[in-house]
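Asks: The primary structure of each chain is shown beneath.
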Amino acid sequence: MAQITITVEDIAGVAADRQIKLVRFAGQLDESNVDEKAKEIYELINKATLPFFMIFDYEKLEYMNSKSIGYLTDWYTKLSEKKGGIIIANARPNIMDILQVVGLTQLIPCVGTVDEAKAAAMK
Amino acid sequence: MNILNMDKNLQQGGEPVKITIIIPTNAYFMSGIRDFTLAMIKNMTNFSEQWAYRFQSVVDELCNNAIEHGSLPKQEIKVTFVDNPGDSIEIFVEDAGTGKSKLKSGELHNLVAERSKPDYAFTDIRGRGLAKIVAAWTDELEFVDLPNGGHRVRVKKYLKNPTLSQPIPGAASLDPTHVVLN
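Heads up: the sequence lines are chains A and B, in that order.
Okay, so the first sequence: first residue is 1 according to my numbering, each after it adds one.
Okay, so the second sequence: first residue is 1001 according to my numbering, each after it adds one.
Note that these hints are calculated values from the structure, not bench results.
Hints should not be assumed to be uniformly reliable.
[As the list claims (entries may be wrong)] DEER-style ranges, computed between Cβ atoms:
id, chain 1, residue 1, chain 2, residue 2, range
1, B, E1114, A, D35, 22 to 28 Å
2, A, R92, B, N1046, 35 to 41 Å
3, B, G1032, A, V14, 28 to 34 Å
4, B, G1106, A, K82, 39 to 45 Å
5, B, I1022, A, K82, 31 to 37 Å
6, A, E36, B, G1127, 19 to 25 Å
[Said to hold, decoys possible] Coverage of chain A stretches by chain B, computed from C-beta distances (three or more under 8 Å per stretch; other residues unrestricted):
id, stretch
7, 11-23
8, 55-66
9, 81-91
10, 107-119
Heads up, the beta-carbon is just placed ideally off N, CA and C, and yes, glycines get one too.
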């Protein structure tokens, strides 16, 4: 079974009108684990009361399947409806390749570092 | 997981190399199949590392569909890799024919064609694998109805420019289940 760990931390120094969390993924997201892990992200989204931005650090994400792409799109939609969003940082070349082929890079900003993502989320 | 058949003419005289793997219909085993695909493409073919990762996704998506839509739990699907040295890689995935999906191969072809349109709006979490990943990263995608009610999906990727390997004009177009992608 593919292993995936998701760690979440709050970003400090954020303006009072928004909330930003850094979500780090390590491992592989596939059919064996994506449904279960997706619930963790939905929980965060549902609890948010302010415009909510999530920075997805994909540095250690080795693989993501098409269903995880579907979830990513759904999270983006839900966050956008609440004037928030998602920024992807540090994605490996093979992950960027997947994001590009499904057209997600036209929807979700993808930057090189977590610092760049923080700066974008704080604007 | 059994490796059913490994052709002994490994890389000899340009003979095709065929590897068949049978796996249980459980997503638990897919990480192993992906690892095998990556290593095999990298070590046995002239495809680049980028393509090795792409075939990981292609195989994963095809197998997931075979498991989820084409088979019941506690059954088996068959994955076959055929490396035509210096020319192409072909991958076949066969399901058990017992799944909830009763679409025929022609209907699957139409489904992929519909979902491959640039303006197609996906409204579900699922449904992107064939149209967005498999179709994009292969030159040929073919669905075949099997006698057991299941499907065999065949994909092929040419190592060189795919336009150098077009099928005989008119032949493929008569078969609605045979999609040649450029």
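Asks: The structure should be examined with respect to each hint, and the outcome stated for every one.
Replies: Results for each hint:
1. Judged by the Cβ atoms, the range 22 to 28 Å given for E1114 (chain B) and D35 (chain A) holds: they are separated by roughly 25 Å.
2. A C-beta distance of roughly 23 Å is found between R92 (chain A) and N1046 (chain B), which places it outside the suggested range of 35 to 41 Å.
3. Checked against the given bound of 28 to 34 Å, the beta carbons of G1032 (chain B) and V14 (chain A), roughly 42 Å apart, lie outside it.
4. Judged by the Cβ atoms, the range 39 to 45 Å given for G1106 (chain B) and K82 (chain A) holds: they are separated by roughly 43 Å.
5. Checked against the hint of 31 to 37 Å, the pair I1022 (chain B) and K82 (chain A) fails, with Cβ atoms roughly 47 Å apart.
6. In this structure, E36 (chain A) and G1127 (chain B) meet the distance hint of 19 to 25 Å, their C-beta atoms being roughly 20 Å apart.
7. Given as covered by chain B, the stretch 11-23 of chain A fails the check, having 0 residues with a CB less than 8 Å from a CB of that chain where 3 are the minimum.
8. Only residues whose beta carbon comes within less than 8 Å of a beta carbon in chain B count, and the stretch 55-66 of chain A has 3; three or more means the coverage holds.
9. Remark: the stretch 81-91 of chain A is not confirmed as covered by chain B, as 0 of its residues place a Cβ nearer than 8 Å to a Cβ of that chain, below the required three.
10. Check result for the stretch 107-119 of chain A against chain B: violated, 0 residues qualifying (beta carbon to beta carbon below 8 Å, three or more required).
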